[in-house]
Amino acid sequence: MATKSPLQRGVFAVTQSDHSFSPDVVDHFLHPRNVGSVENATAAVELVNEICGDNLQMSVKISAGKIEAIKFRSEGCAVAVASASKLTEAVTGRTIAEADNLAKSAVASVQQGTHSEKQHCLEIVLLAWQKLLAEINTK
1 MATKSPLQRG VFAVTQSDHS FSPDVVDHFL HPRNVGSVEN ATAAVELVNE
51 ICGDNLQMSV KISAGKIEAI KFRSEGCAVA VASASKLTEA VTGRTIAEAD
101 NLAKSAVASV QQGTHSEKQH CLEIVLLAWQ KLLAEINTK
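Residue numbers (the numbering used here): 1 to 139.
Honestly, the hints are just simulated from the structure, not real lab data.
Treat the hints loosely; a few may be bogus.
EDC-like, lysine to aspartate or glutamate: derived pairs with alpha carbons at most 20 Å apart [said to hold, decoys possible]:
# : residue 1 : residue 2
1 : K61       : E89
2 : K61       : D27
3 : K118      : D24
What you are looking at is a predicted structure, and each value in this text was computed from that prediction instead of being measured.
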């Protein structure tokens with residue numbers, strides 16, 4: 001599944017006033033970082049949000065105890081895409097211990113200005129991260 005651009009998803013404009021999103025969140029939605037799949041991934045997960053149908057795939061490669069690469073593919077709303085983008089950007093190059101707190105902080109930064117009915121969109125990103133960690137720990 002390829003992550004579609006905002007225009008391909010039928011999104012023509014997302015402004016800060018639309019949902020009180022910060023300019024940073026809007027930027028991560030319109031220009032998501034780390035989109036794709038990691039080759040030779042250490043761990044990979046795919047989740048579907050049962051509430052809204054958003055689909056999220058996340059894969060990670062660990063090398064020398066650090067996150068060498070982490071990527072995602074999402075067919076979801078601005079909140080899900082921006083959260084996944086910010087999470088992957090925050091944890092790249094970090095140890096797992098460092099990355100866990102940074103991942104939570106990255107998603108929390110999107111939560112500000114997000115309506116409560118979109119909470120599940122944040123949660124699927126955190127759940128994907130937790131499942132990646134669990135898969136890494138079993139190897």
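Status of the hints after comparison with the structure:
1. K61 - E89: Measuring from Cα to Cα gives roughly 14 Å; hence the hint holds.
2. K61 - D27: Roughly 25 Å separates the two Cα atoms, so the pair is violated.
3. K118 - D24: holds, 18 Å
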